[in-house]
Amino acid sequence: MKQWIRWSGLAAFIVISLVLVALFWFVAGPLIEKGIESFGSDAADAKVEVDSVSLSLSPLGFVIHGLTVADSRKPMTNALQLDKATAELELAPLFLGKAIISDLAVDNLQFGTARTSSGALEKKAVKEDEAEQVAAKEETASPFSSVDLPSADEILARESLRTEQAGAEFEQSYASHKEAVDQALNNVPDDKALSQYEQEIKALTSGSFKSLDDFKARKKKLDELKARFKNDKAAIATAKKAVAEARSDIADKLKALKAAPGEDISSIRGKYQLNAGGAANMSALLFGDQAGEWAEKALYWYEKVKPYLAEDEAGSAAEEESPKAPRDGRFVHFPSDNPWPGFLLRNAQLTASTASGNLLINAQDITSEPRVLGRPTRILINGSGLKQVEDMSVDIVLDHRKTPGTDTLTLTIKDWQLHDMNLGVAGAKLASSLVQVQGLAVVSQGKLNAQSDAQFGRTQFSSKGKTTFAKELGLALANVQQFDVNAKASGKITSPDFSLGSDLDKQLNAAFGARLKDKQAELEAKLQARLEQKLQGYIGDYAGKLGEFNQLEGSLDQRLNKVSELAGQNLEDYQAQKEREAREKAEREKAAAKADAERKKKEAAEKAKEKLKNLF
Amino acid sequence: MLSMLAKLLKALNSESAPGQIALAFSFALIVALTPMFTLHNAIILLLAFVLRINLSAFFLALAAFSALAWFIDPYSARLGESLLANPALVDTWRDMYQSDFWRMTAFNHSLVLGGLLISLLAAVPVFVLSKVLINLYRHRLLAWFNKLKIAQVLKASKFYNLYKSIAE
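Protein chains in written order, with UniProt numbering: chain H, 1 to 616; chain G, 1 to 168.
For reference, chain H alone in the conformation it holds in the complex (with noise of 0.2 angstroms):
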């Protein structure tokens, strides 16, 4: 037998031994270290940096000193920091080359802490720039950054009015028919030229023809005045449509002018949403920013752990398509309450310093192979020692151990005592309120169906804006007591659909939309009454000169009336004249000695009478 053994053999199996586990002892902590930095910074998309790493032999395991990892958005911020994390290992798995921790005990976990360098890598640096430089655009324009309700004056000045043009078009259309109505008058007799009218038809017609010529003389110049008529009425039925026309377009135009105002307020008041409805959804408005930043950090964290989980789902997958063992073998579970997954994370305790105190963090059954595991992973966030916070409890299951796997998030938040809680609008601060907030999450197949309902008691609000619009929210929000606010997401986990909804719409909306309402009546009042100046500087100058257009189509009326008259004189026949004249001639001679008769008897009966009284 002895002749079987070789000492020396057994001697150098030994030492070859000894050299390993040497060699693993002092290199092994270094390449922890280098391992957490690569792969942590493939992961996390940003600088991963350890201070130091050690081993321990009792209990078997190792210390992570000072670890960090850069948030990949900020890269001057630390998505988390760590001082220390001592993790114990199982052994026997190690043989396999399974890493199976039981506990894992972190202290002092932060979030947010602000870094001396960049956390960027540097193939992501300029990227990152990029993004922050699109972020600071979209913040700076944001449509809410700058709400305010202008002045009267201010929005006159920045409107093309209605009330401008009409009154340009009724400037011009006065003007211009102005000019017309001038042109035909000059053509139109006044009334100096009727009066001699008037005579020289007068001198014509009256007295009796002197002899044929005369009478030929006056035909003649009758003839011409009544040319000159005819020509005059042309002139005065020209000059009557002329203002006529004027008339018309400048009633039409004045019109217009007189609507333009209404339109014009009309116009602003749709423009400028001066009505109850612009306050509506208002608690989007409110917490929008500050829920999109919640969901924002829930998923960024989400992302990064979401490929891990998911690596079993595929491994799995593949495995179902070809059911071919692979040429290297794989390991076969069988059921069993201790399983050895590739990685394991059995238990991890994490006490976490946040801006409102410390959190409690277990986590339990983390790994990659999760089917294996047979167990969901679950981390319980507990923050019953925060300071305004009376109870929070957030219960995360990341079930993977069937396709598709789901995962979800319960969160439980109890009088949580909220103060000075920015609202992003007008400097609106929520001063202090006391919440109470349910909510579910589940992902399943990379959908997102999200919902959560807080409920917002004793709510007290301030406001130190200084715009109009800032001074009208601080009074709607001040008369709100209490509200509810629901959140959902959905839709595509890398881009949910947002909706926020709330009772407290209805409140600002009737408190904030009264007081929006009265705002618009007095703001529309003052356009109104600046409209109205316009409208009189157009029309004032002209009021006078609007009615002399009317006393103008009287008087042309008469001058037509008078002109027609004149034209209508007509000279007497000459040989009708004079059979006239002898037959008047007649009348009186024979009217004379009728006369004379008379007379003679009269006279012959005063004497008779006069006689008769003598006698008595």
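Rough simulated footprint, nothing fancy, chain H against chain G, three-plus residues with beta-carbon under 8 angstroms:
no., stretch
1, 44-52
2, 72-79
3, 91-99
4, 106-114
Hints were generated in silico from the structure; no laboratory data involved.
Just so you know, even glycine gets a beta-carbon here, dropped at the ideal spot from N, CA and C.
Got chain H; can you put chain G on it based on the hints?
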């Protein structure tokens, strides 16, 4: 590599027991046909160091069998897979799975189980066959080979000088 080959030839030509060389071949076969970092391979390596087997033959055979393993591994893995899924054996595997020791042996790894089974089954024939062949080589083939002209040429080569320096 040449040095190792020379040592193998020395062992084949020397007074080393054929069983020592044949056992080296058998051990190498087991290590080659199963994944390297397993508990049984650690034990095989310990045995290879502690027992007076021919280490040169062991390492040379390990290299040769490893090349062979490249072709055999898919079949080994399939065999291991079928054994682990065999309903008649599942209870046994399940019981073994509850023990940390058996888990450390990686018996539930398809290539380990399949490769180990094939190599264990083949180890005995390899041991016997290689022992017979070594004896045949020493008593008949070596004498006949030494008479060949090619052997004379080889003896004049650099490799032969190396072999001779080791053999002496």
